[in-house]
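Participant: Sequence:
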Amino acid sequence: MLLESIVPSWVVVAEAFGDPPEAALLPEEEAVVARAAERRRLAFTTARHCARLALGRLGVPPAAILPGARGAPGWPPGVTGSITHTTGYRAAALSREALAVGVDAEPHGPLKPGVLARIATAAEAAALRRLPPGTHWDRMLFSAKESVYKVWFPLTGRQLGFHQAEIFFEPDTRSFSVGFLVPAPELGDAAPGGFRGRLAVGHGLLVTAVAVPAEPTRRPVLAGANRAR
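Read in order, the letters of the sequence shown are residues 0 to 228 in numbering that gives the first Met the number 0.
In case anyone wonders, no lab produced these hints; they're calculated from the structure.
Any given hint might turn out to be false.
Stated by the list, open to error - Pair by pair, the computed Cβ-Cβ distance ranges are:
1) Arg157 to Phe16: 29 to 37 Å
2) Pro76 to Ala122: 39 to 47 Å
3) Phe167 to Gly87: 25 to 33 Å
4) Ala213 to Ser4: 19 to 27 Å
5) Thr134 to Ala68: 29 to 37 Å
6) Phe16 to Ala125: 30 to 38 Å
Glycine residues also receive a C-beta, built at the ideal position from the N, C-alpha and C atoms.
Taking the hints into account, I'd like the entire structure generated from these sequences.
Facilitator: Encoded structure:
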């Protein structure tokens, strides 16, 4: 599995490379996409199918996964997670042991002209130019920022602009560091100021993941990463 290879052991994953015929919505979910175009309906349906498969692996009964604030999926009590979907791929990553989980998948291709300037800081853009060829690092940066946002918003209830977090890739370890340029959330006994994530390339896709464990001793702390402006 593509996404499963980069999440911690305490995160479960279900993914689909297409839309299986057995994927179906619960009545409450049907109402959300009743007037949606077929493409969105398929993505929504299979993503919920993956989410229920992942819930089953956690021992949680099937439940409706409805969009909440800013479109974030609403999970059963005691579960946190994230959903992603792009052309030909849908996935869900869930955990009972995380404060938040963020995952994202993107096509392995370059961003449209002008997009990188809108999402990258000067330091990020310079770092991307030094990375080895063969990977569309600009699109990977976009994916990583999406994963970070999916962790940030549930923890803070606040928006996070593209230029309010800096991400730097470490290709040798298939990982990346995240430093926030605005005050980061206080998480119990730890104030991480930044997170670490992981990445993978395969099946014509780029995938990224960030997971924040509930146990303070397992949370990543990045010294100097919380640089409020």
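Participant: Now tell me, hint by hint, if it's right for this structure.
Facilitator: Against the structure, the hints come out as follows:
Taken as a hint, the range 29 to 37 Å holds for the pair Arg157 and Phe16, whose Cβ atoms sit roughly 34 Å apart. Distance hint check for Pro76 and Ala122: the Cβ-Cβ separation is about 40 Å, which falls inside the suggested range of 39 to 47 Å. Here the CB-CB span from Phe167 to Gly87 is close to 29 Å, well matched to the stated 25 to 33 Å. Against the hinted window of 19 to 27 Å, the Cβ-Cβ separation of Ala213 and Ser4 comes to about 23 Å, which satisfies the hint.
Against the hinted window of 29 to 37 Å, the Cβ-Cβ separation of Thr134 and Ala68 comes to about 33 Å, which satisfies the hint. Take Phe16 and Ala125: their Cβ atoms lie about 35 Å apart, and the range 30 to 38 Å holds.
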